[in-house]
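> Throw the hints in and build the complete structure from the sequences for me.
There are 2 protein chains.
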Amino acid sequence: MYEGPIQDLIDELGKLPGVGPKGAQRIAFHLLTVDREEIGRLQGALQRIRDGVQFCAVCGTVAEQQLCRICADPRRDRALVCVVEEPKDVQAIERTREFKGLYHVLGGSLNPLAGVGPDQLRIRELLARIGGQQPLPEGVNHEPAEITEVIIATDPNTEGEATATYLYRMLNGFPGLTVTRLATGLSMGGDLEFADELTLGRALTGRRSL
Amino acid sequence: MYEGPIQDLIDELGKLPGVGPKGAQRIAFHLLTVDREEIGRLQGALQRIRDGVQFCAVCGTVAEQQLCRICADPRRDRALVCVVEEPKDVQAIERTREFKGLYHVLGGSLNPLAGVGPDQLRIRELLARIGGQQPLPEGVNHEPAEITEVIIATDPNTEGEATATYLYRMLNGFPGLTVTRLATGLSMGGDLEFADELTLGRALTGRRSL
Chain A
1 MYEGPIQDLI
11 DELGKLPGVG
21 PKGAQRIAFH
31 LLTVDREEIG
41 RLQGALQRIR
51 DGVQFCAVCG
61 TVAEQQLCRI
71 CADPRRDRAL
81 VCVVEEPKDV
91 QAIERTREFK
101 GLYHVLGGSL
111 NPLAGVGPDQ
121 LRIRELLARI
131 GGQQPLPEGV
141 NHEPAEITEV
151 IIATDPNTEG
161 EATATYLYRM
171 LNGFPGLTVT
181 RLATGLSMGG
191 DLEFADELTL
201 GRALTGRRSL
Chain B
1 MYEGPIQDLI
11 DELGKLPGVG
21 PKGAQRIAFH
31 LLTVDREEIG
41 RLQGALQRIR
51 DGVQFCAVCG
61 TVAEQQLCRI
71 CADPRRDRAL
81 VCVVEEPKDV
91 QAIERTREFK
101 GLYHVLGGSL
111 NPLAGVGPDQ
121 LRIRELLARI
131 GGQQPLPEGV
141 NHEPAEITEV
151 IIATDPNTEG
161 EATATYLYRM
171 LNGFPGLTVT
181 RLATGLSMGG
191 DLEFADELTL
201 GRALTGRRSL
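Just so you know, the protein sequences line up as chains A and B, in that order.
Going by the UniProt record's numbering, the first residue of the first sequence is number 1, and it counts up by one from there.
Going by the UniProt record's numbering, the first residue of the second sequence is number 1, and it counts up by one from there.
Please keep in mind that the hints were generated in silico from the structure rather than gathered at the bench.
Just so you know, these numbers come straight off a predicted model, no measurement behind them.
Note that the Cβ used here is the ideal one computed from N, Cα and C, for glycine as well.
Where hints are given, some of them may not hold.
Unchecked claim - Computed from the model, here is a short list of chain A residues facing chain B with C-beta under 8 Å:
1. E3
2. G4
3. D8
4. G14
5. L32
6. I39
7. R48
8. I49
9. A57
10. V62
11. Q66
12. E86
Unchecked claim - Calculated lysine-lysine pairs in the DSSO-like style (CA-CA distance at most 27 Å, straight line):
13. K100/B with K88/A
14. K15/A with K88/B
15. K88/A with K15/A
16. K22/B with K15/A
17. K15/B with K22/A
18. K100/B with K22/A
19. K88/B with K88/A
What follows is the structure, encoded as structure tokens:
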């Protein structure tokens, strides 16, 4: 559509998730108006991602060092592990300030049609961690406390539920280990009449005495 | 929120127009999963923009060479010039396939509060072009045909209307020049009941006999 480098940039930006053709065009023309340093900072940030991002040796979330801040924090309850799909989910749970345990990032959810089976997720690492067999990285002083509860916090969709069921079967055999799942029900601040049937049904089944 | 380079990238992406914090996070984690070459292509496209984009010596739109494809096309009607705010507007009008003349890109609209006066727009170049005084770039063979009609196609908002009025006053004095403005009225395919009062009022005022 456009000529020369501006069209190349629009094409590349249009490949990013959530950026449509109009958005890509808007960003490209915006970048024509900003300082060269501003573009340089974006390029630099891309370069550092391209050079490779480090993942925590214990939980698998994105980290600046060998251990992420959470795994390195001695005040965290090491007996409690919350299993999530992605690093984004770690941040979402951290924002609640309700959870004081550690995490385990699977790196996705079971999706056989997309070629994601148990071996593509960090399930082996989870089992080793619970069994106390995961070798701690060098220089890590924490005694690996025995894990007493695993909270499965995969997404409440088809793949996430299938992953939760699979994990439950794998973890069920560990002696002294409680396996829990995040509650499903109505969203806080939502309207009951706008809740979908599945969610409302789950909220009924999971009703609590007051 | 995140550690290390991923947060830097989220911060930089979040500065782009139309990309919120969630969108920036989504793009950053997407880039973790793609080939290094894919990121390289985006970096390269940014570098070419950073190195500078060429603008057409006649109309001022983004161009690959000294003249844009439209100004270089001998089949275009050189007596008809459509004045738009941005290169995006050139593409929007080209998509209609209704216009066979040339363009003139102002580079924005009058907005005194934001410090954009007539001198910040390419109005002087427009006047020189109409007066036949604009020196043609070297190697351009087209005889500069006399311009007989200028269509003002600035946005139908406050700044665009102010710019149109200003341009009309400036162009009014040229002998033999017709100055027109894009029609305002109902959107095709739209619902009359959902049209805003201003648009519906304009559609009434500008009614045509069938």
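> Broken hints, numbered, in rising order?
The structure breaks hints 4, 9, 11, 13, 19; every other hint is satisfied.
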